[in-house]
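Number of protein chains: 2
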Amino acid sequence: MQFAYCANLYGGMVIGQAVLGEVGITGIEMTNIENACAGGATAVRKAWWDIASGLYDAGIVIGVESMTNSPIAGKLIPPARGDITGELGMNMVARFAMAQRRYMDTFHVSLEQIAGVSVKNHRFGCLNPYSQYRKELTVAEIVNSRPICEPITLLQCCPSSDGAAALVLVSAALARRYSLRPVVIAASVLRSGDYAFRWEDMTLSDMTCKGAGSAYEMAGLGPGDIDVCELHDAFAVNELMHYVELGFCARGEEVHLLEEGATDLGGRIPVNTSGGLLSKGHPVSASGVAQIAELVWQLRGQAGGRQVAGAKVGLAHVVGGEVTGLESGAVGLHILKV
Amino acid sequence: MQFAYCANLYGGMVIGQAVLGEVGITGIEMTNIENACAGGATAVRKAWWDIASGLYDAGIVIGVESMTNSPIAGKLIPPARGDITGELGMNMVARFAMAQRRYMDTFHVSLEQIAGVSVKNHRFGCLNPYSQYRKELTVAEIVNSRPICEPITLLQCCPSSDGAAALVLVSAALARRYSLRPVVIAASVLRSGDYAFRWEDMTLSDMTCKGAGSAYEMAGLGPGDIDVCELHDAFAVNELMHYVELGFCARGEEVHLLEEGATDLGGRIPVNTSGGLLSKGHPVSASGVAQIAELVWQLRGQAGGRQVAGAKVGLAHVVGGEVTGLESGAVGLHILKV
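Protein sequence lines, in the order shown, are assigned to chains X and V.
Those letters in the first sequence? Residues 1 to 338, by our numbering.
Those letters in the second sequence? Residues 1 to 338, by our numbering.
No lab work stands behind these hints, which were simulated from the structure alone.
One or more hints might be untrue.
[Stated by the list, open to error] Simulated restraints, written as ranges between beta carbons of each label pair:
{"no.": "1", "chain 1": "X", "residue 1": "GLU217", "chain 2": "V", "residue 2": "SER179", "range": "30 to 36 Å"}
{"no.": "2", "chain 1": "V", "residue 1": "GLU260", "chain 2": "X", "residue 2": "ARG176", "range": "43 to 49 Å"}
{"no.": "3", "chain 1": "V", "residue 1": "PRO147", "chain 2": "X", "residue 2": "LEU88", "range": "45 to 51 Å"}
[What the hints assert, rightly or not] Among chain V residues calculated to face chain X with C-beta under 8 Å, some are:
{"no.": "4", "residue": "ASN35"}
{"no.": "5", "residue": "THR42"}
{"no.": "6", "residue": "TRP49"}
{"no.": "7", "residue": "SER110"}
{"no.": "8", "residue": "SER179"}
{"no.": "9", "residue": "LEU180"}
Even glycine gets a Cβ: it sits at the ideal position worked out from N, Cα and C.
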């Protein structure tokens, strides 16, 4: 290994260096990345470019988060300091609850229909040995679970998680030497912007729309070419909105896409086969790295009971940042292919 | 601007994104870096490579730290979690106090001689309008100041600081268009390793020695070519040790170099003309960026009363990381020239 990136949010000072020190990697270039929920994707992008540009041939990317052992253990993710609307109560779940209410009203979608995302992703989670939760849920269980911020109930939320994921990235020449089925990064995009929603329309993320456009252009592919997708389902409703932003369907057709099984196993674009953030869990900075790991397994035919038959192209999508006040954030997108 | 890096350590989640959101930069690629005291240098290196590799033409690097408004305000920098020796008391100053005692004993150096570093750097600080402290100190004041961890007294330590620094980096073509005296990054090195001292010898940093070797090789220059240097004087004694590691003198000759005025204005290699961490201050992640700013001013002849006449090549050096336990850390080195 010639370099390493460690994505981490809550570990504080030098946890990345400590992690890497412990596994015995010293002397190499080593960088800690903090980009909120997009930290893992940011680290993958940096590593990708270090290799794609010819600076290095081989490196490692680690995403690691212990939320149960962090200063925010057991709490809602706190607002950034100085974020006045955040401190007045506009936290992540409040922001998305407002968006969900608007979405339900505009597109005549019921809570039961939104819960369908969580049902699907928890079913996938049962098929993933690395999933935090491996238990099927019913629509009734989800809708009737403890209210967090109406209309969002507990089982529409991703959990607090401890977790880690790692990738080894190498040049094309090295990949051909060591792998019978190398997976190529065909596009890597990191973009900042309004966190998740344009103020004009809370239910559509301008940032993800533009980022996805860049990613498809870079890969020379379109939404119709994606065989399998890991996207940022921090809350169940987000998955539906991201369907549109990533180009999988037109606005207002999200629930139809879900209910016809298009995003389930056997459908045309299975989404969050890992279980997603909802079931696999969301160890913040690890999530973006774990998404890529899931896609690699899918593209190599190593995904076991959740394998998407013949998957050749995968898309990973995470958003991160502050939801309130300044509305600043990041989106990370990667397209992988074999 | 096509991209931005923000180095920050203690601000916590998304402070970098908030900072950049506030100045109105959105849509571009934006990355938060955390590499302890080496964070600023790490951000500069990443930005340098994004341009040198042809990915982008222009970007901004920000280093920002508010220590007085951080969870560690008024405290010693705490050990990383799980760092047992750190929690037993082996903090930064304890570690360097041991090294200083060994150094004084091995090379027959007095406390008064080590205080000479602080005298020089505080004198330089008086000439820098951006310095946190602008007051000359005497050897007696330094030696007799409050003991922190013997033999280190208060005025041998860098202070806790609030501060920020920013750089605009552009491609060579753009630089020629917009600047009459463009400053070129001739070498950029980021290396991990034992934080500051090999265990065999606490008074010599293997990491800095090797990093400096790489930087000189990359620039095609040697220590004798450096006209001005900003180095990591977190404690006064560190500056002396770094003289050797950076190749400015042989071991045991550090105090002689200082006392003959070689590292003062008019000497052959003025060191820490900004006032260094000791006088200018040490806002952790800003320091590595501020060092480069100082060198740019020096190489452009804009350093006012502290100007090094005819300076054409500058070296910036920071170390960061954990001092105890795992002894993992980073060194960042940049060589600039006109």
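Quick rundown of the hints versus the structure:
no. : hint                               : result
1   : GLU217(X) to SER179(V): 30 to 36 Å : holds, 33 Å
2   : GLU260(V) to ARG176(X): 43 to 49 Å : violated, 58 Å
3   : PRO147(V) to LEU88(X): 45 to 51 Å  : holds, 46 Å
4   : ASN35                              : holds, 5 Å
5   : THR42                              : holds, 6 Å
6   : TRP49                              : holds, 6 Å
7   : SER110                             : violated, 34 Å
8   : SER179                             : violated, 25 Å
9   : LEU180                             : violated, 30 Å
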